[in-house]
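Student: Chain order of the listed sequences is A and B. So the first sequence is numbered by the working numbering: it starts at 918 and just counts up by one. So the second sequence is numbered by the working numbering: it starts at 13 and just counts up by one.
Heads up, a few of these hints could be off.
To be verified - The calculated label-pair distances, taken between Cβ atoms and stated as ranges, are:
| hint | chain 1 | residue 1 | chain 2 | residue 2 | range |
| --- | --- | --- | --- | --- | --- |
| 1 | B | G134 | A | E1053 | 51 to 59 Å |
| 2 | B | E56 | A | E1033 | 23 to 31 Å |
| 3 | B | G134 | A | S1068 | 53 to 61 Å |
| 4 | A | S1068 | B | E170 | 32 to 40 Å |
| 5 | A | E1053 | B | A81 | 19 to 27 Å |
| 6 | B | S121 | A | E1053 | 32 to 40 Å |
| 7 | B | A88 | A | E1033 | 25 to 33 Å |
| 8 | A | A989 | B | A81 | 31 to 39 Å |
| 9 | A | E1033 | B | S121 | 47 to 55 Å |
| 10 | A | S1068 | B | E56 | 20 to 28 Å |
Everything labelled a hint here was simulated from the structure, so no lab data went into it. Think of the CB as a built atom: it goes at the ideal place given N, C-alpha and C, for glycine as much as any other residue.
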Amino acid sequence: MFDAIRHSVRGKAILLVLASTVSALALSAVGLVLYDLRAYERQWTTDLTTQAEILARASAPALAFDDRATAAKDLALLKVRPFMLAGALYTRSGELFATYTKPGFDTRFPPRPEAEGYSIQGDQLSLYHRVVEEGEAIGTVYLVAYYRPWSRLVDYLTIIGLVMIASLAVTALLSGWLQSAITMPILEVARVAREVMSQRDYSLRARKTTDDEIGELVDSFNAMLAESGRRAQELRDADQRKDEFLATLAHELRNPLAPLRNALEILRMRDVDPATGEKARQMMQRQLAQMVRLVDDLLDVSRITTGKLAVRREPLVLQAAVNDALETVRPLVETRRHQLDVSMPEEPLMVQGDRTRLAQVFSNLLNNAAKYTEPGGRLWISLEAEGEEAVVRVRDSGIGLDPHALSTIFDMFVQVDRSLERTQAGLGVGLTLAKRLVMLHEGTIAGRSEGGGLGSEFEVRLKLAAAGEEGGGSQGLSASPAAPPRRLRILVADDNVDAATSLADLLVARGHDIRVAHDGAQALFAARGFEPDVAFLDIGMPKVHGYEVARRLREETATRRTLLVALTGWGREDDRQRAKEAGFDRHVVKPPDPAEIDRILDVASSRTATA
Amino acid sequence: MAAVRALLAILLVGIATAAAGQRTEATEASLKAAYLFKFAGYIEWSATDFASPEAPIAIGVVGADEIAAELYRIVAGRSIAGHPVAVKRFAEGEAARGVQMLFVGREASKLAGTVRAAQAQGILVVTDTERGLEMGGAINFVPQGERLGFEVSLDSAEKSGHRISSRMLNVARRVVQKGAS
Chain A
918 MFDAIRHSVR GKAILLVLAS TVSALALSAV GLVLYDLRAY ERQWTTDLTT QAEILARASA
978 PALAFDDRAT AAKDLALLKV RPFMLAGALY TRSGELFATY TKPGFDTRFP PRPEAEGYSI
1038 QGDQLSLYHR VVEEGEAIGT VYLVAYYRPW SRLVDYLTII GLVMIASLAV TALLSGWLQS
1098 AITMPILEVA RVAREVMSQR DYSLRARKTT DDEIGELVDS FNAMLAESGR RAQELRDADQ
1158 RKDEFLATLA HELRNPLAPL RNALEILRMR DVDPATGEKA RQMMQRQLAQ MVRLVDDLLD
1218 VSRITTGKLA VRREPLVLQA AVNDALETVR PLVETRRHQL DVSMPEEPLM VQGDRTRLAQ
1278 VFSNLLNNAA KYTEPGGRLW ISLEAEGEEA VVRVRDSGIG LDPHALSTIF DMFVQVDRSL
1338 ERTQAGLGVG LTLAKRLVML HEGTIAGRSE GGGLGSEFEV RLKLAAAGEE GGGSQGLSAS
1398 PAAPPRRLRI LVADDNVDAA TSLADLLVAR GHDIRVAHDG AQALFAARGF EPDVAFLDIG
1458 MPKVHGYEVA RRLREETATR RTLLVALTGW GREDDRQRAK EAGFDRHVVK PPDPAEIDRI
1518 LDVASSRTAT A
Chain B
13 MAAVRALLAI LLVGIATAAA GQRTEATEAS LKAAYLFKFA GYIEWSATDF ASPEAPIAIG
73 VVGADEIAAE LYRIVAGRSI AGHPVAVKRF AEGEAARGVQ MLFVGREASK LAGTVRAAQA
133 QGILVVTDTE RGLEMGGAIN FVPQGERLGF EVSLDSAEKS GHRISSRMLN VARRVVQKGA
193 S
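Next comes chain B alone, as it looks inside the complex (with noise of 0.2 Å):
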């Protein structure tokens, strides 16, 4: 948070005569940035997720170079559950490998196909599409309004074999239970 505020300080002292549109895109890239991080927070890990204790909570993120950019700054020093955190970029198309959570940006072609391949190994997927969780996706953005809500499917996240915090669920817009696709 204290990096989001520092960004929102720099972009607004330094950057002063920048669009209002700018300003949007930036503030929506560091506001998923942050969430995709308090999401990993609410997941509950075990230990098979990891090789060593020691070994890093990965998320991935595709198709989102942006929201990617923010994570590394948000991630940098800090932890969950005892695992540092750490960020790994795939290209379009690449198979994402060695995370346990995935982000697929809006921009990102041949989404469910990504979706699909990384649910079958076992990665938790987040996504940022009005179908999202139709799609495979264990939580998914949605807007409301100025804010920034999500919604989250028990069926897929299970099928990823994780389990998310009900702390998480009881903010969340929408919750598909178990079995419901």
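In isolation and in its complexed conformation, chain A is listed as follows (with noise of 0.2 Å):
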């Protein structure tokens, strides 16, 4: 019974109801009680009295003519008062004159009158009283009456127990309607609550049957219970979208693989004719670039979703910009036999921001207009002041998109035509790349299309910059002053034996001397006699890792103003921050790009130069 009530919102309910009537009763009853009691004397002592006066004053004529037989018959008239038991009158002189005693009662009368008052013996009330006429006293009334406060209790405690039963009647109908009205919806939650749990069925809602608190609970859950579906789809579709990425991501990696080892096959044999050679070449030079293009999204995809990506700030001119992705995708647009337009003002329009990361959102634009473009189509880049803004747009005759998907394409791995797309390179994060890149340059980015197969256009807009700003200029391309070839002492340590002997082979090319190291320990040994101008360290080397190579060959003497090269995977900012502090004077991700080996060494011939 007590756990019941413990454990059911019922039970408490009714509990509290019961205890607040039964209480409130009881507290009532009891105050109630007191008061009457009190009153009841007071009450009774006055009653008589007031009987007592009428009788003395109806009674005087008798006494005042000692006429005892109208006095018998006026006393005789208390017998309608069922609780008056006797009465009797005395006369001036105090001598007992006329008696009344109510049949079946036996009473003594007093020999002499007491002084005027009431007193009470048991259950009984007696009473003097005197006859007074013209300011006279003529006599004295005597009564006695029944005095039973007790009865008069009982009576009020038979009838705080019938209204208590007639209250706990009350209490359980109104139980009954707090069992519809409370419980029953908030077990029904209860339960929907389970079986959600259960099932993991978001599409489930709890019934509501009432306005109050509890159907506004009700809502509040049934809310809750949209928002967790819809949150677990939108976790259900973003995972779909990073399982079919990953697919993607394996197929697009492969792609490259099997030209690359047929043009490896033909460079292998003997009897190859330059022409051949020449354009196996030129084919595994395409396939890596565009091996390196998709590793360099993958990075940028890690960027985006660890909220890394960044971009500087510079004045730049941004035909620059669009100039850089113009020869990023100028093969594609031959490959596929597009006619490219290309119209931009003479003067320079100066923007603050990242000429790398502008060229690659241009670039990303243009690729996606050659990719979904059928063969022998037209593209069109323009670039305009508009007001305070410098508007670029591009735009193709391609297959154009649906208005359905104008809002889904700048998110991530979305990709338009998926049967198409299997044709077309790409990881289907150009877009939302491109978006956070001009998002992070305050600039907006919107697509258009008439529909499908009408072609579409995508607008970039970004802030022009005051012509003043105009500092830095170009940088970059026109590094150092190219140095006189020097023959430089350089170290190269990877535990990828391939990479290592791959770069090494290359740097002899070039005409310097090398050493090459397959692990930290071998790196620190061969730095040490050989004292190198420039060090390739690979970070993730066995024994000693890289970061611990540099710093302990910043420690040496002879290698304190070695330039220091980290080779590494990992091209994150943080993984930058952590090369530069090990005494990195360079990061450089693999692969290498020639161009940049090239600059690095200039740097170094320079150094040593002047050193």
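Join these two chains into a complex; the hints should help.
Tutor: This is the structure:
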């Protein structure tokens, strides 16, 4: 019973109603009884005094004129009041004048009257009252009546008992109502919650039966379910997109391998004619470039998902970024025999931004345009100033986009046409990346299409920088004046033997002196006698990792000034930071771009020249 | 009443050898005087009965010297309904004037004439004779064994312009209603 009350809302509700009803009744009963017992005595004596006064007035003439018979008749009227037990009249001199006794009641009248007033003895109240006529006392009335407050108390308790029983009945009804109005909806919510947990079905809803706070609870609960369901669906969708992305990734990475292997086979043949050999080399270069681009995209995806995508903000000429992008996509455009129209103003349009990243945005847009347009189509790219903004538009005559697709194309891993995608390389991150990059430049990007088959247009808007901000100008491309080629001592350390050897071959071909190591310990040992001008160090090496090697080389007097270059597969910002702290001068992401290696060697040449 | 008792005590102690008849006479006279005073308390006096609010209720006595003497003693220092009470003794044949109530004693001669004359002047008459009410008395003493009773004629009372309290009628031996004669 008590357990049932403790564990059910209904039991508690009933207990609450019961307890408040019973205690309210009990308290009011106690108050009433106390008040009434006090009032009873006063009321009763007042009543009896009034009775005595009436009797005194009526029987005054009988007393005055010595008429006992009339006095007895007057007293006999007391019999109409059943609780009057006896009455008597005394003369002025105190003699008993007339009496009345209730039938069946036995009493002895006092021989002489006492002083005016009342007294209570047992269950009897007796009272003396003077008979006064014209201001003179002419006699005394004596009355005896029942005095039974306890019987009245019993009456009270009976009534309270009946009221309590009635209240309990009402309570039972109320609790029944509570059950349906309060407990039931809550139980319903609990039931639905259990079902949702066991079935993972977020489409279930609790039924709303009332418009009160519980109704609100049900509404909130249902809204929460809807939200949970939506989130679960989103997670499933995202997960599915990721799965598709991984499948696409594997596919895209594998695609270039076949032509690479074929080309390699061709080159290994002894009697390859020069034209075929050149063709194979070009093919290898193209496929390799494609792979590098895929991996770069992959790194950018990682930066987007971890929120580490960042851009530099430097004054730059927007035409340069567009030209970079055109340079990148030209091979694809030529392959697909598209006609590309370029329209740019003569005067330079300056913006604050990251030239490489903006070029990436435009090349992504151009790349998409080329991919999603049937061979022999037309592409347009235009750059113009509109008020405070520079606007770049990339348009094509391709397959276009339907309105539904327009809303999702900027989402991660979304690809417009899977069937077409099978023939077109890409990971479905290009537009996502473009949008993030534009947003980082505080610009906007929007897609437009007249519909399927009618081509599409993408528009990027960037805030124009004031003309005076042109300071740095073109950077990077014309780095340092080409130093006369010098023979440099170069240490290459990589546990991947092929990677180390191929880089070493490349450097030997450039006429440098090379030492190769395949772990950190070897690298340190080799460096000691060799005193290299430049050291290309892999980070993830056995025995001693690259960071530690760099730190120790920095401590040695002979290698303190060596140009240290980190070679890693990790291109994230914190990786760069860590390399810098370990003492590296440069951080190069694998595979190293030959042009970049040349730049590094140029820097090293000039350093050794000045040293 | 105190006076009656004082008198009784004097009589009992002072005149111990007095005859029983004498004692009865004295007791009866004082009892009648006491009743006369009490009657005055049950008459519903109106303002027109008096010259002024302070004017006394005057009780005239004819032909009952002993009772008159008792009455003098009784009314001394007492009042009824705010009025002091006075007693006036009238000689036989003298016209009763300036009283509101007149007791005509048993010894009075020309009893009926006296009663009529008084009633005509608006005086409430008390008699002490067998056919007192029929003669025009409003209240008449009636002997009743050892006790003293009285009878009332509402008719006569009304003729003299007075009303008698119904409380007193309760203890009257006989009540003659209005318009009965």
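Student: Holds or violated: 32 to 40 Å for the Cβ distance of B/S121 and A/E1053?
Tutor: Once the Cβ atoms are compared, 36 Å apart, the range 32 to 40 Å for A/E1053 and B/S121 holds.
Student: Is it true that A/E1033 and B/S121 lie within 47 to 55 Å of each other by Cβ?
Tutor: 50 Å, holds
Student: Between A/A989 and B/A81, does the beta-carbon spacing fit 31 to 39 Å?
Tutor: Holds, at about 35 Å.
Student: Does the Cβ-Cβ separation between A/S1068 and B/E170 fall within 32 to 40 Å?
Tutor: The hinted range 32 to 40 Å is violated for A/S1068 and B/E170, with Cβ atoms some 53 Å apart.
Student: Just to be sure I understand the hint, the distance between the Cβ atoms of B/E56 and A/E1033 should be within 23 to 31 Å; is that true here?
Tutor: Given a distance of about 29 Å, which is inside 23 to 31 Å, the answer is holds.
Student: Given the range 25 to 33 Å, decide if the beta-carbon distance of B/A88 to A/E1033 lies inside it.
Tutor: 28 Å, holds
Student: Lying within 20 to 28 Å: is that true of the beta-carbon distance A/S1068 to B/E56?
Tutor: 45 Å, violated
Student: Confirm or reject the claim that A/E1053 and B/A81 have a C-beta distance inside 19 to 27 Å.
Tutor: About 22 Å separates the Cβ atoms of A/E1053 and B/A81, which means 19 to 27 Å holds.
Student: Indicate whether the distance between the beta carbons of B/G134 and A/E1053 respects the range 51 to 59 Å.
Tutor: 28 Å, violated
Student: Given the hint of 53 to 61 Å, check if B/G134 and A/S1068 actually sit that far apart at their C-beta atoms.
Tutor: Taking Cβ atoms as reference, B/G134 and A/S1068 lie about 59 Å apart, which means the hint holds.
In summary, the numbered hints that this structure violates are 1, 4 and 10.
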